[in-house]
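Next come the chains, spelled out residue by residue.
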Amino acid sequence: MSPRSDPDALSRPHDHIDAPERDAAAASLRQDGAVAQPKLGPVGWLRFAWRQLTSMRTALLLLLLLAVAAVPGSLVPQRSSDPNGVSQYFADNPDLAPVLDSFQLFDVYTSAWFSAVYLLLFVSLIGCVIPRTKHHFEALRARPPRTPARLSRLAGYTERPLALPEPVDGASAPAGSANEAADAAIDAAATQLRQAGYRVERYELRGEASVSAERGYLRETGNLVFHTALVGVLVAVGIGGGFGFSGQRVVVEGQSFVNTLAAYDSFNPGRFFDDANLDPYRLELEGLDAVYETENQEAIGQPIDFTAHVSVQAQDGAAEPGVVKVNEPLRVHGTDVYLLGNGYAPTITVRDPDGEVVFTDSVPFLPQDANLTSIGVVKVPDGLADQVGMVGFFYPTQSELGSGAYTSSYPDLIYPVLTLNVYRGDLGIDAGTPTSVYTLDPSSMEQLTGGSTGVESIELMPGDTVDLPDGLGSITFEDVSAETGGDPDAAADDFSQSVARFASFDIHDDPSQGWVLVFAVLILAGLLVSLFVPRRRMWVKAARRPDGTVVLEYAGLARGEDPGLEDAVAAFADKHSRPARWSSSREAA
Amino acid sequence: MTLDQISITLVYSAMAVYAIAFIAYAIDLARRSAAATKAVDQARMPAAVAVAATRSTSGDSGTDAGIASVPESTDGMTVDAAADGRDETSGRQAMGDTVAYGRSPSLRVGVAMTVVAWLLHLAADLTRGIAAERVPWANMYEFALTGTLIITTVYLLVLVVSKHDLRFLGTFVTGLVLVLLGVATVNFYVSVVPLPPALQSAWLVIHVFVATSSVGFFALGFALSVVQLLQSRRESIVASAKAVKQSFLATLPDSATLENLAYRVTIIGFILWTFTLMAGAIWAEAAWGRYWGWDTKEVWTFIIWVVYAGYIHARATRGWRGSRSAWLAIIGFSTVLFNFTVVNLFFKGLHAYSGL
Ligand code: HEM
Chain A
1 MSPRSDPDAL SRPHDHIDAP ERDAAAASLR QDGAVAQPKL GPVGWLRFAW RQLTSMRTAL
61 LLLLLLAVAA VPGSLVPQRS SDPNGVSQYF ADNPDLAPVL DSFQLFDVYT SAWFSAVYLL
121 LFVSLIGCVI PRTKHHFEAL RARPPRTPAR LSRLAGYTER PLALPEPVDG ASAPAGSANE
181 AADAAIDAAA TQLRQAGYRV ERYELRGEAS VSAERGYLRE TGNLVFHTAL VGVLVAVGIG
241 GGFGFSGQRV VVEGQSFVNT LAAYDSFNPG RFFDDANLDP YRLELEGLDA VYETENQEAI
301 GQPIDFTAHV SVQAQDGAAE PGVVKVNEPL RVHGTDVYLL GNGYAPTITV RDPDGEVVFT
361 DSVPFLPQDA NLTSIGVVKV PDGLADQVGM VGFFYPTQSE LGSGAYTSSY PDLIYPVLTL
421 NVYRGDLGID AGTPTSVYTL DPSSMEQLTG GSTGVESIEL MPGDTVDLPD GLGSITFEDV
481 SAETGGDPDA AADDFSQSVA RFASFDIHDD PSQGWVLVFA VLILAGLLVS LFVPRRRMWV
541 KAARRPDGTV VLEYAGLARG EDPGLEDAVA AFADKHSRPA RWSSSREAA
Chain B
1 MTLDQISITL VYSAMAVYAI AFIAYAIDLA RRSAAATKAV DQARMPAAVA VAATRSTSGD
61 SGTDAGIASV PESTDGMTVD AAADGRDETS GRQAMGDTVA YGRSPSLRVG VAMTVVAWLL
121 HLAADLTRGI AAERVPWANM YEFALTGTLI ITTVYLLVLV VSKHDLRFLG TFVTGLVLVL
181 LGVATVNFYV SVVPLPPALQ SAWLVIHVFV ATSSVGFFAL GFALSVVQLL QSRRESIVAS
241 AKAVKQSFLA TLPDSATLEN LAYRVTIIGF ILWTFTLMAG AIWAEAAWGR YWGWDTKEVW
301 TFIIWVVYAG YIHARATRGW RGSRSAWLAI IGFSTVLFNF TVVNLFFKGL HAYSGL
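One line per chain: the protein sequences are A and B, in this order. So that you can map any letter, position 334 of the first sequence is 334 in UniProt numbering, and since no number is skipped, the others follow by simple counting. So that you can map any letter, position 143 of the second sequence is 143 in UniProt numbering, and since no number is skipped, the others follow by simple counting.
Honestly, the hints are just simulated from the structure, not real lab data. Glycine is no exception: its CB is placed at the ideal position from the N, C-alpha and C atoms. Incorrect hints may appear among the rest.
Said to hold, decoys possible - Distance ranges between label pairs, derived from CB positions: (1) Ala-30/B with Ala-112/A: 47 to 57 Å; (2) Thr-260/A with Val-186/B: 53 to 63 Å; (3) Val-258/A with Thr-153/B: 46 to 56 Å; (4) Ser-106/B with Gly-238/A: 38 to 48 Å; (5) Ile-23/B with Arg-331/A: 50 to 60 Å; (6) Ala-30/B with Ala-570/A: 30 to 40 Å; (7) Ala-314/A with Val-205/B: 32 to 42 Å; (8) Asn-296/A with Ala-30/B: 26 to 36 Å.
Claimed, not checked - The calculated DSS-like cross-link candidates involving lysine-lysine, where the alpha carbons are at most 25 Å apart (straight line), are: (9) Lys-297/B with Lys-348/B; (10) Lys-163/B with Lys-575/A; (11) Lys-297/B with Lys-325/A.
With the sequences and hints as input, model every part of the structure.
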């Protein structure tokens, strides 16, 4: 067995595989003792607890616990990543959900118990890394240890004859020449080892010259960098993330929004976020190109590309063009703009019985399936005899199912149809309570078309106008290509530009991102170094045999995983003992 | 015949050749058992007395030698044997230590067939990629096709690089590849379709490829850990000198060697996995606007990473090196397989790219 007189091991957790066995035995004794004799004072207890917390075994158990604790978050929907899933879960499991909720199972990764596990782990980590770092700095300055008395028990032990200088003219070699040759050989070994990246130290023991060499301090450095960078990631995420924000905003083609708090549809500030930091630039969506597969029979209608062409205008500057695509966010004015969704925003105009326009807007309809069957709501609060709400379906390419129901069979505008159910009464928005623009609460309204009313739903194609029921007025589904003049050559049944599209943008700022990346790179670099740089010692000794001859002994010692050690010792012995190398250079000198 | 159809034909051909290789490797394992039994029978005749003596006297030292967690247990055993002075006869040798196992024609057939299957498999993967005009790993079927190719590649690579003869892993490797390819062609197959915008990224090439590569290394580490456990069980039985039923294990490296090999293969997998996790985060930032959101697939990537970090720690923890750490490697690979199958198919999340 290799000797474990390893100074490094002392700074390791007591149950590290390379820590001295004696130490561990003492620890377990102390442990038993602690149970048997309650003499351990408060300080003693604290030291004992700390020692347990920073042991390898605790680190390991906490790691495994962390893995297990992460599992439930993948089985139950999480509020952070899937809020709709959580609502659905509550609806589907009304009895179970509140119980799960009381265990924070819908917020696993911010839950008290998950946090407890990783915080304990990181306390253990810090407690483990600090003494090791201190010790490592000392080790970096320490001399390689004395050459062991017997190299023959060590890894890769091999010997080579010591080449003596050629006797001149047959005369016997002078008495001191063997010593001189040995010294020269050890000198050469020291030089060669130093060149190979070893730190070397010459020793002279009982008249035997030797060199002790050590390399691979980088291994421990890498390990410490790795663990420290883990803490770095945690801190960067925990603190840096608090200064950022994320917001969502739907923008229809031709419209724009200004980066201010009020303009967002939804906004999530970090804990330390100050909205005075928002740079009020203007972002206009000039156009959204959607490309769908038309040729591959297996994938007709599959999206190929979405590109939002925008123009960005600083508060006091000129507009600059920009592009936002999936996978290619636009990074402007300290924020990142992502294209996370898109759909259609039919332009609808409502007139009163006199033909006066009481409502006109492009209303975003939310896609429900891959072919963009979309649902939207139109609210006309003023100008008509009563408040009017409409719930509609939009089909970019309408087709009829066997049941008579409509569906969309292709996501692009081939045969666009809008159907609307009309309600009159109280929209419920006057009280000032915020309501979603995407839902209609029909509880205090009267349904006029569709459903059980017996009146056909309103059905429109771009450019169509029909009367609203009850003589309320009229509604028009505007053809926006006509508005812009359109393509004069376009056929009458070309609807491809007839309906405006919207883009839903996510706008983020996360100042922790750069830091996390830096620490991630350190983690990877530290890992590579600590797992692949061999830490090893090597010794070369000019050993005197009982018969007075001197031989060169070579041996190594692995410190940690080092599969290449024996080969390395052999290779060094071969290289070094090639006599031409040192004896001739000695003679030349 | 379209390129994709050619690719499919190549896949089926590769599967047929893998099956032949599998049978050859299995025959080899059977022959190993026979060789081991024979070695014991031969050794037992003259050494019966010595064995009996060993049994009655070296109970304690014998258990020591069998503890797999002593990395130098091979040395330990020989030193032990020499120190005892009683065990030098071949009786103990044949039962406890590695039985020399000469050249095996079936093993050579197995390796040759694996190489042929690998070539067909490579051709299948390349034609699929050319047919799709992109990298062939954008849906479950393609992950499986490329992932199994990488498992075989890693196996062949390790055969070339390793100082130890690891061809005995062929049964596991070809068996696993065969099963996965079977499931992929029957259950996961989708025809070539264009990439959805979310997958149009250089990270598809890097992130997914590196992830798949690390699975190749984890698979091999898993196989070695399983054999390690079997071997260390055998070693402790041998050490306690109960009646030993000889198996192919007698012809394989000892458990400490297997453990070191498993560790080396697995840490390569771990580094690749670490990179996978980071590359995934960078891609997620570009595609979804956040680098980490505890999406189900992210959760499982994290779990796998933590389990393997546990494995590495276990190797450095007294009382955990040896069989316990091997169990962690096995659990680790189980989570990898779980992530690839159950999570891809049944868990809801943003990573909905199975194409099914
Ligand atoms: C977030 C928690 C942790 C993770 C993810 C982690 C991960 C790792 C990894 C991947 C390695 C192998 C690479 C290397 O050597 O640098 C390693 C090694 C090591 N870790 Fe940790 N670790 C964690 C916490 C800890 C703690 C709390 C301790 C101390 C109690 C610790 C002590 C060590 C030691 C001593 C090694 C060297 C093992 C050897 O000698 O081979 N680690 N860790």
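Report the numbers of all earlier hints that the structure fails to satisfy, in ascending order.
Numbers 4 and 8 - these are the hints that the structure violates, sorted from lowest upward.
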